[in-house]
Amino acid sequence: MSNTKRLALQAILVAAALGLSYMERFIPLQMVIPLPGVKLGLANIVSLFALYFLGWRSAFVILILRCTLGAVFGGGVTALMFSLTGGLLSMAVMALTRHVPFFSVYGVSLCGAAAHNIGQILVAAFTLNSVYIFAYLPFLLLVGLVTGVLTGAAASACFAALIAAGQEPLAK
Amino acid sequence: MDKNLRLKFRPGDLIAAAAIAVLAGAVALIFFTGRSTGPAEAEIRQNGELIDTIPLDTDTEFTIEGDYINVVTVRNGEIAITSSDCPGEDCVHSGWRSTSGQCIVCLPNLVEIRIVPSDGSAYSGVDGVTG
Numbered sequence: 001m002s003n004t005k006r007l008a009l010q011a012i013l014v015a016a017a018l019g020l021s022y023m024e025r026f027i028p029l030q031m032v033i034p035l036p037g038v039k040l041g042l043a044n045i046v047s048l049f050a051l052y053f054l055g056w057r058s059a060f061v062i063l064i065l066r067c068t069l070g071a072v073f074g075g076g077v078t079a080l081m082f083s084l085t086g087g088l089l090s091m092a093v094m095a096l097t098r099h100v101p102f103f104s105v106y107g108v109s110l111c112g113a114a115a116h117n118i119g120q121i122l123v124a125a126f127t128l129n130s131v132y133i134f135a136y137l138p139f140l141l142l143v144g145l146v147t148g149v150l151t152g153a154a155a156s157a158c159f160a161a162l163i164a165a166g167q168e169p170l171a172k
Numbered sequence: 173m174d175k176n177l178r179l180k181f182r183p184g185d186l187i188a189a190a191a192i193a194v195l196a197g198a199v200a201l202i203f204f205t206g207r208s209t210g211p212a213e214a215e216i217r218q219n220g221e222l223i224d225t226i227p228l229d230t231d232t233e234f235t236i237e238g239d240y241i242n243v244v245t246v247r248n249g250e251i252a253i254t255s256s257d258c259p260g261e262d263c264v265h266s267g268w269r270s271t272s273g274q275c276i277v278c279l280p281n282l283v284e285i286r287i288v289p290s291d292g293s294a295y296s297g298v299d300g301v302t303g
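Residue numbers (this note's numbering), protein chains in the order written: chain G, 1 to 172; chain X, 173 to 303.
These aren't lab readings, by the way, just hints derived from the structure by calculation. Every residue, glycine too, gets a C-beta built ideally from N, C-alpha and C. Zero decoy hints are in this set.
Chain X residues, not near chain G, derived (Cβ > 10 Å throughout):
id, residue
1, P227
2, L228
3, N248
4, G249
Not the full set, but computed from the structure, chain G residues with beta-carbon under 10 Å of chain X:
id, residue
5, P34
6, S109
7, A135
Okay, chain G solo, but in the shape it has when bound:
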């Protein structure tokens, strides 16, 4: 892939991830599960795509830009700390679990969702200066099992369509 094409694709993916994060605010998931931090994590579809089709370096660049711009557009410093810590931990775990031979995209997505939850709870524990916030973690992890499968399914469908359209995934 030429550098220009890669740069353009990264920019498009940052925009797509921002759009997905914004859209998911209108899905009232917290009405069903009234816990702070519960969300679908649709932007993770973009992270998974970047990881599988552009490589981990591009995936991290896109993630950092997405979190920073998200904080600029609305959210501020606190939101940046939460999204960046959760996002970086999640991306690191997904970049590694991608190479586990018995995991499909679903397994990678599940591990990413769990890592994201753990990262956010760590920031919350640090912010509140208390370990008792970890009592929320079991609930977030269980919700993450469901949302992880959902985003995994969405990513899987995207990948299949893109490969059918001639897009080449990375070998490693």
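Add chain X to chain G, keeping to what the hints say.
This is chain X only, laid out in the frame that chain G set:
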């Protein structure tokens, strides 16, 4: 097709799901065992400091002021943040809590309301959490 791209759900993915469920169970065990059904009180912390301890057997209403204002209500042995001017109002949506080990958190206001047994046995379950 590239064998590194595994799109279909595989039995191996269940290992990831099971590991996450076990982790959730383990953390739940640490925090929710030894909960007492006896009389409870609520410890109110702001920025990590204990600012008040409220018995749950007396109905009352008060405010916690910080960057935002939380209105806390105690009624029929339960406690809730009943209104707040923080963004999101996750604390209000948490609803009513009454059992030892439960907590209500308002992150924007750095407030944590933790329910503990009145007999002081609150911390018998955990000596410490590391890592």
